Amino acid sequence: MDVRLQLSMVFHLDKCIGCHTCSVACKNIWTDRKGAEYMWWNNVETKPGTGYPTQWEDQQKYRGGWEVKGDSLKPRLAGRLGRLANIFFNPYLPSLDDYYEPWTYKYDDLFNAPAGDDQPTARPISMITKEPMNIEAGPNWDDDLSGSPVYARNDVNMSELTDEERESLFQLERMVFFYLPRICNHCLNPACVGVCPAGAIYKRGEDGIVLVSQEKCRGWRFCISGCPYKKVYYNWGTGKSEKCILCFPRVETGQAPACFHTCVGRIRYMGVLLYDGDRIEEVAKAPEEKLVLAQRSLILDPNDPEVVLAAKRKGIAEDLIAAAQKSPVYRFVKEWEVALPLHAEFRTLPMLFYVPPLLPVAASVESGSYDLSDGDFFGSVEKARVPVKYMACLFSAGDEEMVKGVLRKLMAVRAYKRYETVGDIDARRLSAIMQEAGCTMEVAEQIFRLTSLPRFKDRFVLPASHREQFVETVEDVSSHKGQIGVGFGFGTPAKRGL
Amino acid sequence: MIDLLLYGVFPYVAIVLAVVVSIWRFSTNQFSYSSLSSQFLEGRKLFWGSVPWHIGIGLLLIGHLIGVFLPASVRAFNGAPIRLYILEGTALALGLMALVGLIVLAARRMGDSRVRSVTTTMDALVLVLLLVQVLTGVGTALFYRWGSFWFVNTATPYLWSLATLSPKWDYMVSMPITVKLHALNFFVLVAIFPFSRLVHIVSAPLSYLWRPYQLVRWNLPMSRSLD
Numbered sequence: 033m034d035v036r037l038q039l040s041m042v043f044h045l046d047k048c049i050g051c052h053t054c055s056v057a058c059k060n061i062w063t064d065r066k067g068a069e070y071m072w073w074n075n076v077e078t079k080p081g082t083g084y085p086t087q088w089e090d091q092q093k094y095r096g097g098w099e100v101k102g103d104s105l106k107p108r109l110a111g112r113l114g115r116l117a118n119i120f121f122n123p124y125l126p127s128l129d130d131y132y133e134p135w136t137y138k139y140d141d142l143f144n145a146p147a148g149d150d151q152p153t154a155r156p157i158s159m160i161t162k163e164p165m166n167i168e169a170g171p172n173w174d175d176d177l178s179g180s181p182v183y184a185r186n187d188v189n190m191s192e193l194t195d196e197e198r199e200s201l202f203q204l205e206r207m208v209f210f211y212l213p214r215i216c217n218h219c220l221n222p223a224c225v226g227v228c229p230a231g232a233i234y235k236r237g238e239d240g241i242v243l244v245s246q247e248k249c250r251g252w253r254f255c256i257s258g259c260p261y262k263k264v265y266y267n268w269g270t271g272k273s274e275k276c277i278l279c280f281p282r283v284e285t286g287q288a289p290a291c292f293h294t295c296v297g298r299i300r301y302m303g304v305l306l307y308d309g310d311r312i313e314e315v316a317k318a319p320e321e322k323l324v325l326a327q328r329s330l331i332l333d334p335n336d337p338e339v340v341l342a343a344k345r346k347g348i349a350e351d352l353i354a355a356a357q358k359s360p361v362y363r364f365v366k367e368w369e370v371a372l373p374l375h376a377e378f379r380t381l382p383m384l385f386y387v388p389p390l391l392p393v394a395a396s397v398e399s400g401s402y403d404l405s406d407g408d409f410f411g412s413v414e415k416a417r418v419p420v421k422y423m424a425c426l427f428s429a430g431d432e433e434m435v436k437g438v439l440r441k442l443m444a445v446r447a448y449k450r451y452e453t454v455g456d457i458d459a460r461r462l463s464a465i466m467q468e469a470g471c472t473m474e475v476a477e478q479i480f481r482l483t484s485l486p487r488f489k490d491r492f493v494l495p496a497s498h499r500e501q502f503v504e505t506v507e508d509v510s511s512h513k514g515q516i517g518v519g520f521g522f523g524t525p526a527k528r529g530l
Numbered sequence: 006m007i008d009l010l011l012y013g014v015f016p017y018v019a020i021v022l023a024v025v026v027s028i029w030r031f032s033t034n035q036f037s038y039s040s041l042s043s044q045f046l047e048g049r050k051l052f053w054g055s056v057p058w059h060i061g062i063g064l065l066l067i068g069h070l071i072g073v074f075l076p077a078s079v080r081a082f083n084g085a086p087i088r089l090y091i092l093e094g095t096a097l098a099l100g101l102m103a104l105v106g107l108i109v110l111a112a113r114r115m116g117d118s119r120v121r122s123v124t125t126t127m128d129a130l131v132l133v134l135l136l137v138q139v140l141t142g143v144g145t146a147l148f149y150r151w152g153s154f155w156f157v158n159t160a161t162p163y164l165w166s167l168a169t170l171s172p173k174w175d176y177m178v179s180m181p182i183t184v185k186l187h188a189l190n191f192f193v194l195v196a197i198f199p200f201s202r203l204v205h206i207v208s209a210p211l212s213y214l215w216r217p218y219q220l221v222r223w224n225l226p227m228s229r230s231l232d
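So the protein lines, in turn, are chains L and F.
For what it's worth, the numbering used here labels the leading residue of the first sequence as 33, then goes sequentially.
For what it's worth, the numbering used here labels the leading residue of the second sequence as 6, then goes sequentially.
Bear in mind the hints are in silico, worked out from the structure with no lab data behind them.
Accuracy of the hints is not assured; some may be wrong.
[As the list claims (entries may be wrong)] The following label-pair restraints were derived from C-beta to C-beta distances: (1) G102(L) x T169(F): 48 to 54 Å; (2) G102(L) x I71(F): 34 to 40 Å; (3) S212(F) x E314(L): 24 to 30 Å; (4) L113(L) x L147(F): 47 to 53 Å; (5) A85(F) x E314(L): 53 to 59 Å; (6) S191(L) x S32(F): 25 to 31 Å; (7) P181(L) x L211(F): 47 to 53 Å; (8) D103(L) x L211(F): 57 to 63 Å.
[As the list claims (entries may be wrong)] Here chain L is said to cover these stretches of chain F; the calculated rule only asks that three of the stretch's residues, wherever they fall, bring their Cβ under 8 Å from a Cβ of chain L: (9) 182 to 193; (10) 213 to 222.
[Stated by the list, open to error] Example chain F residues on the side facing chain L (calculated, C-beta under 7 Å, incomplete): (11) Q35; (12) F36; (13) L41; (14) Q44; (15) S118.
Because the structure is a prediction, the values reported are computed rather than measured.
All C-beta atoms, glycine included, are put in the ideal place defined by N, C-alpha and C.
Please build the complete structure, drawing on both the sequences and the hints.
Structure (structure tokens):
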């Protein structure tokens with residue numbers, strides 16, 4: 033057992049209101065620069081929809097992620113020689129137009145236009161060419177546009193639905209959408225790392241954050257197509273790849289990443305998970321229908337004395353183990369089994385998990401009256417407006433039973449709270465619901481508390497980064513005693529006057 | 006006198022510049038060590054330019070190197086006329102392929118407004134120099150047959166004389182102007198190599214062929230045991 037530590041995330045989609053505050057916080061800190069204008073390390077998409085960049089989930093087009101070939105795991109972009117054969121031109125690279133052309137406005141024209149009969153206008157100009165342009169796409173261009181023939185109709189996940197299910201999503205009464213906020217998944221088996229010819233992308237051993245070394249990156253661009261989530265971006269100004277760094281400068285100083293910290297709906301949770309590094313390859317090769325379960329089995333119980341001992345042997349500090357024991361992510365993912373990875377079939381073992389949303393149940397119009405009741409106050413999973421199959425395509429590699437199980441448990445929590453606070457569900461009915469969902473009242477109470485009433489410290493259990501220990505391994509900590517100056521090898525002895 | 010400067014002195018200046026500045030740039034500004042790809046901004050024309058260009062010029066470069074380092078093998082190969090024709094025909098085809106690719110690339114760089122916005126003066130200079138190099142090369146192949154035949158008896162000893170620090174520039178003096186220009190322009194390209202996007206040639210990621218897919222970097226030596 034090779035115990036490793038991973039900074040891991042849960043997004044509770046039932047709580048997401050699609051306000052894009054996370055995206056803007058990230059943009060302001062990290063990507064408000066030349067070459068990065070079009071990048072949204074954090075973005076929020078409307079589902080059903082094509083997302084950003086458009087149709088990123090279509091791996092026929094972009095060849096992201098891994099596939100099992102024979103007995104081995106290979107990037108879908110082809111093996112090592114195939115990669116180098118495409119080095120002069122990457123045929124699967126998304127272009128700027130698959131994202132959008134960044135623009136600003138010629139504000140100066142508002143002030144400098146000569147006197148005339150018409151109001152001056154500020155025309156949009158491209159931030160790349162500085163020439164006037166027509167705005168045809170943006171980072172959230174399909175915001176709330178579920179049911180549209182341009183966006184929802186072209187959602188890749190729709191192809192698995194029956195014609196009837198698909199058409200129902202385009203009827204006015206049944207139209208529905210939810211938000212899917214996305215950041216880098218900081219995968220255990222990252223495809224971006226696997227396809228980088230320069231070896232510039234790496235996973236940090238201590239916390240599992242995946243980073244691009246800007247020094248080593250030579251701009252071969254395979255990571256852009258290799259990441260199935262399209263969360264590595266090409267900076268057209270510097271010719272380097274960039275991606276979400278999980279705000280490591282913030283995390284290392286005990287602050288939650290900017291997108292987490294600013295989340296208005298408080299949908300985001302962060303904590304550490306312990307996992308078994310020896311089994312990564314085996315799990316990534318699991319049969320498609322077992323991928324989610326296999327990934328869950330990789331996560332170790334931080335309260336198991338054997339795991340704790342192995343972790344200590346590996347040099348994982350006690351306070352990190354304690355953080356793992358308090359991790360909200362562990363509870364959602366492993367203990368309650370209500371958080372699922374996005375598109376597990378890409379085989380990158382993403383470490384960002386989603387609690388799928390409980391969408392409104394389908395209404396029926398019977399004998400002229402609009403009817404929502406269905407006998408049950410909350411309706412049933414089978415009658416959810418978004419077909420379970422669609423959810424399964426997103427969150428469980430197509431396994432409908434798994435998604436149903438999660439949704440039933442979330443329903444059970446609601447039934448339990450209604451039983452407790454309103455009292456119009458009788459005890460026998462409640463225990464039937466609980467039994468069906470495989471949930472107990474204690475667990476339902478815990479899920480409720482962490483979902484609805486968590487405090488800051490409950491949502492973000494951030495581990496100490498122990499940078500001080502890293503410094504000790506490379507230099508004598510007292511070597512700069514009595515010096516002033518900036519460090520970096522230029523420390524100068526303290527001296528008065530000139 | 007001018008030949009001495011151009012073919013006896015300048016090559017050394019160019020090579021020293023290339024080596025010293027390349028190392029200096031790598032050690033002080035590794036970040037810049039690539040050829041700013043513009044595929045993200047424009048892909049279709051790039052395909053028709055980049056692929057023929059790189060394959061054509063790459064194979065021709067390897068061919069020239071074989072002529073320099075294994076002249077005997079080239080002589081032996083050219084022993085039978087049919088093999089000489091095949092070699093020359095292939096080289097000319099590759100030259101034309103590179104030329105077409107380069108023209109597409111140049112037209113794209115000047116014509117596409119997005120690509121133009123990431124183009125520097127140095128990029129334009131590199132394009133012009135490469136165009137001169139390919140044109141003089143193709144011209145030589147067309148008008149001074151058979152290149153692979155006389156290359157090993159003139160250019161090879163000339164280059165070896167440079168390498169052994171006893172430059173015999175008189176090899177170049179009697180050459181036709183096309184060939185002289187081709188040789189001179191080569192050293193100009195060598196000289197600007199470290200200042201331009203050409204440095205991407207030495208960052209070819211061959212080590213990718215044998216490294217494991219996953220890379221993990223530890224700050225702490227994790228083998229450290231607590232018991």
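Going through the hints against the structure:
no.: 1; hint: G102(L) x T169(F): 48 to 54 Å; verdict: holds (53 Å)
no.: 2; hint: G102(L) x I71(F): 34 to 40 Å; verdict: holds (38 Å)
no.: 3; hint: S212(F) x E314(L): 24 to 30 Å; verdict: holds (27 Å)
no.: 4; hint: L113(L) x L147(F): 47 to 53 Å; verdict: violated (35 Å)
no.: 5; hint: A85(F) x E314(L): 53 to 59 Å; verdict: holds (58 Å)
no.: 6; hint: S191(L) x S32(F): 25 to 31 Å; verdict: violated (52 Å)
no.: 7; hint: P181(L) x L211(F): 47 to 53 Å; verdict: holds (48 Å)
no.: 8; hint: D103(L) x L211(F): 57 to 63 Å; verdict: violated (26 Å)
no.: 9; hint: 182 to 193; verdict: violated (count 0)
no.: 10; hint: 213 to 222; verdict: holds (count 8)
no.: 11; hint: Q35; verdict: holds (5 Å)
no.: 12; hint: F36; verdict: holds (6 Å)
no.: 13; hint: L41; verdict: holds (4 Å)
no.: 14; hint: Q44; verdict: holds (6 Å)
no.: 15; hint: S118; verdict: holds (4 Å)
The structure does not agree with the numbered hints 4, 6, 8 and 9 stated previously, though it agrees with the rest.
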